[in-house]
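Let the hints inform the model, and build the full structure from the sequences given.
Number of protein chains: 2
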Amino acid sequence: MSAVLEYAKDNHDAFVSDLIALLRIPTVSTDPAYASDVARGAEWLADHMQGIGVDHVEVVRTEGHPIVYAEHLPHDDRPTVLIYGHYDVQPPDPVELWDSPPFEPTQKNNTLYARGACDDKGQMMMHVKAIESFLAVGEQPPVNLKFLIEGEEECGSPSLAPFIESHRDKLEADVVLISDTAMFAEDVPSITYGLRGLAYVEVELTGPNRDLHSGIYGGAVHNPANTLSRMIADLHDEDHRITVKGFYDNVIPLTEEERETFASLPFKPEEWLGEIGLSEAITEGDYSVKEAISARPTLDVNGLWSGYQGEGAKTVLPSKAGAKISCRLVPDQDPIEIAEKLKAHFETHVPDTMTLQFKNLHGGHPVLIDTSHPAMQAAADAIESVFGKEPYFTREGGSIPIVADFKRLLGLDSVLMGFGLNSDAIHSPNEHFGLDRYAKGIEASIRFQMEYNGA
Amino acid sequence: MSAVLEYAKDNHDAFVSDLIALLRIPTVSTDPAYASDVARGAEWLADHMQGIGVDHVEVVRTEGHPIVYAEHLPHDDRPTVLIYGHYDVQPPDPVELWDSPPFEPTQKNNTLYARGACDDKGQMMMHVKAIESFLAVGEQPPVNLKFLIEGEEECGSPSLAPFIESHRDKLEADVVLISDTAMFAEDVPSITYGLRGLAYVEVELTGPNRDLHSGIYGGAVHNPANTLSRMIADLHDEDHRITVKGFYDNVIPLTEEERETFASLPFKPEEWLGEIGLSEAITEGDYSVKEAISARPTLDVNGLWSGYQGEGAKTVLPSKAGAKISCRLVPDQDPIEIAEKLKAHFETHVPDTMTLQFKNLHGGHPVLIDTSHPAMQAAADAIESVFGKEPYFTREGGSIPIVADFKRLLGLDSVLMGFGLNSDAIHSPNEHFGLDRYAKGIEASIRFQMEYNGA
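Chains A and B supply the protein sequences, listed in that same order. Everything in the first sequence is counted per this note's numbering, starting at 9 for the first residue and increasing by one. Everything in the second sequence is counted per this note's numbering, starting at 9 for the first residue and increasing by one.
These aren't lab readings, by the way, just hints derived from the structure by calculation. Check each hint, because a few of them may be wrong.
One copy or two, either will do: identical chains are not told apart, so a pair holds if it fits within one copy or between any two.
Claimed, not checked - Keeping only pairs whose Cα atoms sit at most 25 Å apart, straight-line, the calculated DSS-like set for lysine-lysine is:
| # | residue 1 | residue 2 |
| --- | --- | --- |
| 1 | K351 | K178 |
| 2 | K322 | K351 |
| 3 | K322 | K116 |
| 4 | K178 | K17 |
| 5 | K17 | K328 |
| 6 | K367 | K322 |
| 7 | K178 | K415 |
| 8 | K178 | K116 |
| 9 | K397 | K178 |
| 10 | K349 | K322 |
| 11 | K276 | K397 |
| 12 | K116 | K276 |
Printed below as a string of structure tokens:
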């Protein structure tokens, strides 16, 4: 074993103590009451990185919470890895459901319980401990490293894209490395190579100019709630395919190889369904559950409203009915184009008796990273060394907007080497992170740098 | 002209003054803050009726606001008319939109502005002034009269049905006379012979056991909001006929004669639509607007909810979606049966992926009164004498639950001889009542009693 890996192994307890020190700082980014704690978290992290010998560390002020940026660039002729992470955390509410205080990290059964233990302080710190391991034994890390650790991930990263846009040269790199996702399962390591995008719109139909008495007017007035229901119903056909014209135009079909991989994944639809109280899945056409939630586009109503929603009976014939509707997108669907197609669809179907208000609320691009990218292969090799088994390459159904931003603004692919588990209760009470995974993540970060340089 | 009619004519100003005195008392039944005013209103009315010589007057305590009950039964061998009305009023809010204070009755252009001017103090007092006119000139009214004037009409009449049920003998009569509806138009008198009933239900679908992240789960989880939309859409066919099995089974078809009457009514659909901001009506099959809103059953969504309804985008795949749905019913549809048919419809269509919660919230029977009933003919003759033209017999789209209750509990038909106008702003700021209609209503009540006795 190399001296670096040995150092990491021998200093496991100290590495845990360092993480605990950071977890004690309640860096809740959404709540202004915690602003000074968030700032303190950034300072702690910068001091810590400086303390372990990182060449250049700065705390960058933004309009929101600070960004910790660091560089360690010992090589002229080797690739540069931009490590992204975040030191801010979700609010701890509801606090009463925690078994131990969210900001008093507690160890139990080799697991660390605290807000941010997994998301993302624990996973982000793995890379800090990796560079520390090199420097502590008098070696340079085998690749150039840049760290971009933000404090606003849990509130939508408003300052990040502006920072990236105004620091393109500074952030120049060969690849982005992010540990902020989950592995497939405990001891089933995986690397995410695809993320879905998002097109999120709002529609509102207006019929009569005011709410009407359903007795006096009912029978001759087209009801916007009934009509909106019809319009929503017509968005899917009987095979649960989306009927919006041109919706699937730019969808890259799953390859046979991808479908075989999906089929081979240790994914049990029954368990997955059982956990959310269902016995049956509904997917588009003949796609499997895992394919449908990871690699196929969707259309879901996220919100619906009309008329009277209180207790009891009110005989109103409503003037308005509205819905929030969003589509998860896959490469190469474009969020703006899809929103426009949705708009055209609704405009075509709105009856003469009503007016339509359409808003494009939010969008994000889907992401697909070539698994043959040298950094992807390096990550796969690193993980195989650590876990003793090859990782699965998987696609995730959610969106990580920053990954699309790195591609769009810096032209960089991201390696999503996550060590979380879906059961880690991120965003929920009793968030935790297995300390075994923390150690494995540090080892994987070290080995990734070795492999990537070798590639 | 008879002495009675002459008295009514000569005392018009005094009759208006008496109405004003009652209108000054803010008998708002929904707001507990006005409880003592409501009680004062009942006392005023009872004192007033006693003062004009009505034989027996009582203020009946209930669990809510008092009922004023009176009897004047001079004849052994003549029919008895039970006059129903209410002395309570709607809240005056929004008070700032009134041009004159709602409880300081104000005369302008021979019109009286005050909360309750039309609904129902003005119309109810017409019958009090009618009996006064007989008694004042030393005559007995030509029929036996009972008065049932409640103080809870604007809050759902909770005490009325129990009172009727426990006083069936006392309330024995030949017909009920009610002035609490509108004429077709100014100088277009009408008598309402049909009212629609109501079946009001609530449905809620539950899919997954909690709100889910649409990125992680979207694509394989049946979305209750999408599904409820489909179920609602399927409640109507392309001709806007209701698809619920057996829905039309007990509908008495409109007769040719009725359809001819509907066609002859001075009803302008364009004006009716324009007033609510629409240019086009949608009706079931080939029914006209007036037929569809008066004499055909309907199904309307009254409320709709699911997921996230706030500002912006939240990517929730909702666990639940619900709707309030009601049907206006026509004879001989039964509200319980229709609710059961709706339940069966939803139960048949709910997919295996969801559970359905169904609540029957509220119901009311439709009403159809034989226009050849002697009291209906007496009312028509009375109105013809007063207005110089025959009234139209019309059906109204709304429900007056008490009319169905009188039929159900006492076996009595009701004559709906209303003198309001849809433009009287009942339930709105600046409620008013034309004093010319007040005088005509008093004359019509007097003539009705003469005609009915003669029949």
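Violated constraints from the hint list, given by number and in increasing order: Hint check: 1, 3, 4, 5, 8, 9, 12 fail, others pass.
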